[in-house]
Structure formats: structure tokens, C-alpha cells
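Colleague: Each residue of the sequence shown is one higher than the one before, counting from 34 in the numbering used here.
Don't read these hints as lab results, they were simulated from the structure.
Treat the hints with care, since some could be wrong.
[Said to hold, decoys possible] Derived pair list, reagent style DSS-like, types lysine-lysine, alpha-carbon separation capped at 30 Å:
hint	residue 1	residue 2
1	64	127
2	85	107
3	96	127
4	107	96
5	127	85
6	96	85
7	107	127
[As the list claims (entries may be wrong)] Simulated restraints, written as ranges between beta carbons of each label pair:
hint	residue 1	residue 2	range
8	101	65	30 to 38 Å
9	77	128	21 to 29 Å
10	134	97	34 to 42 Å
11	119	98	18 to 26 Å
12	119	85	19 to 27 Å
13	65	100	15 to 23 Å
14	125	79	17 to 25 Å
15	101	58	36 to 44 Å
16	97	63	30 to 38 Å
Everything numeric in this text was worked out from a predicted model, so none of it was measured.
Note that CB positions come from ideal geometry on N, CA and C, so glycine has one too.
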Amino acid sequence: MFDDEGFRFSNGRFTYVRITESDETACRGEKVGQCFRRDRPAITISTSDRGKLDLGPERIRVKYLFCTQTFYFKDTEHYREIWPDEDRCFWARKRHFYIARYDGEITERQ
Numbered sequence: 034m035f036d037d038e039g040f041r042f043s044n045g046r047f048t049y050v051r052i053t054e055s056d057e058t059a060c061r062g063e064k065v066g067q068c069f070r071r072d073r074p075a076i077t078i079s080t081s082d083r084g085k086l087d088l089g090p091e092r093i094r095v096k097y098l099f100c101t102q103t104f105y106f107k108d109t110e111h112y113r114e115i116w117p118d119e120d121r122c123f124w125a126r127k128r129h130f131y132i133a134r135y136d137g138e139i140t141e142r143q
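Generate coordinates for the entire structure from the input sequences, incorporating the hints supplied.
Modeller: Here it is in C-alpha cells:
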């Protein structure tokens, strides 16, 4: 199961991604659309640019709204854990993220 939110790292940019058409109910609090099955063959997403990306061997730096935030990451067999440095930009949350590559077809909503 994947969360309905995620990130894309490409072309030197850090992009926030959100799935737009999930009807899955086996999510947190059984709320409709808060997640989707990892084996789903296709998804539609909306995106929002979150800044310039500098990807290092164990850290990510994102420059957005005049502030550069450092995130650290650790890879496991099934996912990547990402968390912010304690010195956070005003736009960065405290929470940890657990992300993995989605292998199905992706349609980007404009």
C-alpha cells in the first residue's frame, strides 16, 4: 500500500506528487483515497514544484522559498526513509517520509 502523497526527484527538481483518483478505503482511519495499492496498474497525479534539488550520497538539499532544507535518507530493501535536519526551514515538516518507486503507468494532470 502507498500513501496518496509522494515525491519525484528529476531534472534537478524536487516535486511534490499527489494521487488524484484513489477510491481505496484500507488507509489510515479508513478514509477514502488516502492511499492506493502498490500493485495498481495506473494512477493519475497532480504535482507541485518544491524547489531546486541537490542529491548527495546520504542527504538531499532542497532550495525553496529562499531557504535550503537538508533531508537525510536511508535505503532499505523495500523503501527509502527520509527525514529533515533539526535545523528546519519554515516550510519543512518534522515528519519522516517512507517512499518507494511506483512501477505502474502515471498520468500527470495539468
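Colleague: Taking the hints in turn, state whether each one holds.
Modeller: The hints, checked one at a time:
About 23 Å separates the Cα atoms of residue 64 and residue 127, which keeps this hinted pair within 30 Å; it holds. A threshold of 30 Å between alpha carbons decides the hint, and for residue 85 with residue 107 the separation of about 21 Å falls inside it, so the pair holds. Between residue 96 and residue 127, the direct Cα distance comes to roughly 17 Å. Compliance with the 30 Å bound is thereby established for this hinted pair. Among the hinted pairs, residue 107 with residue 96 is consistent with the structure: their alpha-carbon atoms are about 21 Å apart, no more than 30 Å.
Pair hint residue 127 plus residue 85 holds up; C-alpha atoms about 20 Å apart against a cutoff of 30 Å. Straight-line distance between C-alpha atoms of residue 96 and residue 85 comes to about 5 Å, which keeps the hinted pair within the 30 Å bound. Taking the CA atoms of residue 107 and residue 127, the gap is near 16 Å; set against the 30 Å cutoff, the hint holds. The beta-carbon spacing between residue 101 and residue 65, approximately 37 Å, falls within the hinted interval of 30 to 38 Å.
Checked against the given bound of 21 to 29 Å, the beta carbons of residue 77 and residue 128, roughly 25 Å apart, stay inside it. Between residue 134 and residue 97 the C-beta distance comes to about 23 Å, which lies outside the given range of 34 to 42 Å. In this structure the hint that residue 119 and residue 98 lie 18 to 26 Å apart at CB holds, the actual value being about 19 Å. At about 22 Å, the CB distance of residue 119 to residue 85 agrees with the hint of 19 to 27 Å.
At about 35 Å, the CB distance of residue 65 to residue 100 disagrees with the hint of 15 to 23 Å. In this structure the supplied range 17 to 25 Å holds for residue 125 paired with residue 79, their Cβ-Cβ distance being about 21 Å. A beta carbon spacing of about 39 Å between residue 101 and residue 58 agrees with the range 36 to 44 Å that was offered as a hint. Checked against the given bound of 30 to 38 Å, the beta carbons of residue 97 and residue 63, roughly 33 Å apart, stay inside it.
When held up to the earlier numbered hints, the structure conflicts with 10 and 13 and fits the remainder.
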